[in-house]
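Given next are the chains, with one letter for each unit.
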Amino acid sequence: MSDDKLDVIVVGAGVAGCTVALLLAQQGLEVALIERGPFPGSKNLSGGVLYGQVLHQIIPNFWEKAPVERVITNQAVTFLTETDSVSLDFKTPSFLQKPYNAVSVLRSKFDRWLGEQAEKAGAILIPGIKVERLIREENRIIGIAAGQEEMFADVVIAADGANSFLAQEAGLRQRIPEEHVAVGIKEVIALPQEVIENRFRLEGNEGSAFNIVGSATQGIAGGGFLYTNQESISIGLVIQLADLVQRQKKVSEIFDQFLNHPWIASLIKGGKVVEYGAHLVPEAGLKMIPRLFMDGMVVIGDAAGLTINNGFWVRGMDLAIGSAIAAAEAVVKAHQNRDFSAESLALYRQKLEESFVMADLRTYAHAPHFMQNARLYKRYPQVVSEVFRQIYQQDASPHQPLRQIVREAVRRNNLSLLDLVKDFWNGGRAL
Amino acid sequence: MNRLSVTERLALNKYELDDGHPHIIVNNEVCEAECKIRACLFVCPANVYSQQNGKIVADWAGCLECGTCTVACPPEALHWEYPRGGFGILYRYG
Numbered sequence: 001m002s003d004d005k006l007d008v009i010v011v012g013a014g015v016a017g018c019t020v021a022l023l024l025a026q027q028g029l030e031v032a033l034i035e036r037g038p039f040p041g042s043k044n045l046s047g048g049v050l051y052g053q054v055l056h057q058i059i060p061n062f063w064e065k066a067p068v069e070r071v072i073t074n075q076a077v078t079f080l081t082e083t084d085s086v087s088l089d090f091k092t093p094s095f096l097q098k099p100y101n102a103v104s105v106l107r108s109k110f111d112r113w114l115g116e117q118a119e120k121a122g123a124i125l126i127p128g129i130k131v132e133r134l135i136r137e138e139n140r141i142i143g144i145a146a147g148q149e150e151m152f153a154d155v156v157i158a159a160d161g162a163n164s165f166l167a168q169e170a171g172l173r174q175r176i177p178e179e180h181v182a183v184g185i186k187e188v189i190a191l192p193q194e195v196i197e198n199r200f201r202l203e204g205n206e207g208s209a210f211n212i213v214g215s216a217t218q219g220i221a222g223g224g225f226l227y228t229n230q231e232s233i234s235i236g237l238v239i240q241l242a243d244l245v246q247r248q249k250k251v252s253e254i255f256d257q258f259l260n261h262p263w264i265a266s267l268i269k270g271g272k273v274v275e276y277g278a279h280l281v282p283e284a285g286l287k288m289i290p291r292l293f294m295d296g297m298v299v300i301g302d303a304a305g306l307t308i309n310n311g312f313w314v315r316g317m318d319l320a321i322g323s324a325i326a327a328a329e330a331v332v333k334a335h336q337n338r339d340f341s342a343e344s345l346a347l348y349r350q351k352l353e354e355s356f357v358m359a360d361l362r363t364y365a366h367a368p369h370f371m372q373n374a375r376l377y378k379r380y381p382q383v384v385s386e387v388f389r390q391i392y393q394q395d396a397s398p399h400q401p402l403r404q405i406v407r408e409a410v411r412r413n414n415l416s417l418l419d420l421v422k423d424f425w426n427g428g429r430a431l
Numbered sequence: 432m433n434r435l436s437v438t439e440r441l442a443l444n445k446y447e448l449d450d451g452h453p454h455i456i457v458n459n460e461v462c463e464a465e466c467k468i469r470a471c472l473f474v475c476p477a478n479v480y481s482q483q484n485g486k487i488v489a490d491w492a493g494c495l496e497c498g499t500c501t502v503a504c505p506p507e508a509l510h511w512e513y514p515r516g517g518f519g520i521l522y523r524y525g
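First to last, the sequence lines map onto chains A and B.
Just so you know, we're using the numbering used here here: the first sequence kicks off at 1 and counts up by one.
Just so you know, we're using the numbering used here here: the second sequence kicks off at 432 and counts up by one.
Some hints could be false.
[Said to hold, decoys possible] Derived EDC-like pairs (lysine to aspartate or glutamate); straight-line CA-CA distance at most 20 Å: (1) Lys269/A to Glu194/A; (2) Lys445/B to Glu460/B; (3) Lys250/A to Asp490/B; (4) Lys250/A to Asp395/A; (5) Lys65/A to Glu231/A; (6) Lys98/A to Glu64/A; (7) Lys109/A to Glu447/B; (8) Lys272/A to Glu231/A; (9) Lys422/A to Glu408/A; (10) Lys333/A to Asp360/A; (11) Lys249/A to Glu179/A; (12) Lys467/B to Asp243/A; (13) Lys467/B to Glu178/A; (14) Lys249/A to Glu197/A; (15) Lys250/A to Glu447/B; (16) Lys109/A to Glu231/A; (17) Lys269/A to Asp84/A; (18) Lys378/A to Glu194/A; (19) Lys467/B to Glu179/A; (20) Lys91/A to Glu203/A; (21) Lys269/A to Glu439/B; (22) Lys272/A to Glu179/A; (23) Lys272/A to Glu439/B; (24) Lys378/A to Glu353/A.
No lab work stands behind these hints, which were simulated from the structure alone.
Construct all of the structure, not just a fragment, from the sequences and the given hints.
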């Protein structure tokens, strides 16, 4: 074993990696944070809503210093048909109270800042280095290799994102099946601050988050999002890969049609596209969580598949931070006991089980299956739109009572009573 | 409103191009033997893949490094790894 062995090597400077490096450095451990991009955040992309109360526990009042874009005070779900839109829009001043419930962020700026906090705590940031493989001694992970360089540590923390080639190499996870992931595609569209505030009826640092269901994905399982930043809009789609492959539609064309939907087009009008990105999104919840630890290694964040999408919101960054906290506790304990075996690092899994992370994953355990229901993306948005059109449309013919309007819209869209009951039941169970 | 083409969108991004070091290599023998639908042609947000004279070609410079193709394509069809450290897409917003 080399003399200059570190306590911990963290691979990947996303929110999970930066947070765990920060926590371990605070506890006096010698931590290297290795990032393949030239700076933390340069390879990272999210829709952009951070449910940040968990980060507030680690960095109190982080929003005062961190590059956050807007405080999310408006949360909406919008159903789209080919031409129409129906929104359920929730706005509350209570979301302006600190600690904020949610903020929008742009990862290239935010993760860079978070990486700096880890560095200030004493972590050694090593950017521009791609970890190529793990180094083993028998079945124990003892370090990493990048080109000719080798680095050794008591524990390697894989925070290398949704693709986690390290978790696969370590044998903690199999090749990812297409049923377990979605492809995320996003544009950042610049607009003047006052245009954003007028268009979305925002004051000061207030912000909006829309989750969009229906024609957004042309009936393919998935949805859209639109989040406001200070001087830009983050807009994108998250499309379930297995369904996309089955329908054989070109993802870039689905995105074009989404942007051309009249409701979307009016919200991004006059904007200038400044960046186009994509990211793999783990979507299978509990089902896809790999083995999280082994001798000398733990897996956190997206690499561990820790995300939840229930149609109303998508969460990943807060779960990543939650997993970083759990992993840091286990690694500090292992460091104290000088025991880095799987049995010792199993404390990570236990801490994760005790935290909101696994609790929420269990609460929404049925959500991934529910969200695969094709009726959600085609027929229900159509029914909702038809019902509202008939409620508001006055064409000098006798009006039908609401119950009749609903019944006929349901029938016209070939939904059976059994479907409705079943979906209502499953929705109630999943969400 | 006229939307940008994928090529125009990619041109707005910042890349550190690693000339002469492709990070994606297509094994067309596997594609021909095991893939009927050519998923790479429609799942890639950056339109990295195209078909030329019946062969799949990867224009890897525009890759957004999402990894979607590595999931959708048959195992062994692609030799796909992240670009070398410091190279590839550099998100300014993310």
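Cross-check of the supplied hints:
At most 20 Å may separate the alpha-carbon atoms for a hinted pair to count; Lys269/A and Glu194/A meet this at roughly 14 Å. The straight-line distance between the Cα atoms of Lys445/B and Glu460/B is roughly 33 Å, outside the 20 Å bound, and the hint therefore fails. Only pairs whose Cα atoms come within 20 Å are accepted, and Lys250/A paired with Asp490/B is accepted, the gap being roughly 17 Å. Restraint check: the Cα-Cα separation between Lys250/A and Asp395/A comes to about 40 Å, which exceeds 20 Å; the hinted pair is violated.
A C-alpha spacing of about 18 Å is found between Lys65/A and Glu231/A, which places the hinted pair at or below 20 Å, so the restraint holds. Between Lys98/A and Glu64/A the CA atoms are separated by roughly 11 Å; this keeps the pair inside 20 Å, and the hint holds. The straight-line distance between the Cα atoms of Lys109/A and Glu447/B is roughly 18 Å, inside the 20 Å bound, and the hint therefore holds. With a C-alpha separation of about 11 Å, the suggested pairing of Lys272/A with Glu231/A holds against the 20 Å cut-off.
Taken as a hint, the Lys422/A and Glu408/A pair is honoured in the structure, with Cα atoms around 19 Å apart against an allowance of 20 Å. Simply put, Lys333/A and Asp360/A have alpha-carbon atoms about 25 Å apart, too far for the 20 Å limit, and the pair is violated. Proposed proximity of Lys249/A and Glu179/A is supported: the alpha carbons are some 16 Å apart, at most 20 Å. With a C-alpha separation of about 16 Å, the suggested pairing of Lys467/B with Asp243/A holds against the 20 Å cut-off.
For the hint pairing Lys467/B with Glu178/A, the CA-to-CA distance comes to about 16 Å; that is within 20 Å, so the pair holds. Taking the CA atoms of Lys249/A and Glu197/A, the gap is near 35 Å; set against the 20 Å cutoff, the hint is violated. For the hint linking Lys250/A to Glu447/B, the alpha-carbon distance of about 27 Å lies beyond 20 Å, and the restraint is violated. For the given pair, Lys109/A sits about 14 Å from Glu231/A by alpha-carbon distance, which is consistent with the 20 Å threshold.
Taken as a hint, the Lys269/A and Asp84/A pair is honoured in the structure, with Cα atoms around 17 Å apart against an allowance of 20 Å. Straight-line distance between C-alpha atoms of Lys378/A and Glu194/A comes to about 35 Å, which puts the hinted pair past the 20 Å bound. As the CA atoms of Lys467/B and Glu179/A are separated by approximately 19 Å, the hinted pair is consistent with the 20 Å bound. Straight-line distance between C-alpha atoms of Lys91/A and Glu203/A comes to about 12 Å, which keeps the hinted pair within the 20 Å bound.
Taken as a hint, the Lys269/A and Glu439/B pair is honoured in the structure, with Cα atoms around 18 Å apart against an allowance of 20 Å. Between Lys272/A and Glu179/A the alpha-carbon distance is near 34 Å, which puts this suggested pair outside the 20 Å criterion. Taking the CA atoms of Lys272/A and Glu439/B, the gap is about 12 Å. The hint holds against a cut of 20 Å. Among the hinted pairs, Lys378/A with Glu353/A is inconsistent with the structure: their alpha-carbon atoms are about 36 Å apart, more than 20 Å.
Consistency with the previously given hints fails for numbers 2, 4, 10, 14, 15, 18, 22 and 24, ordered from lowest to highest.
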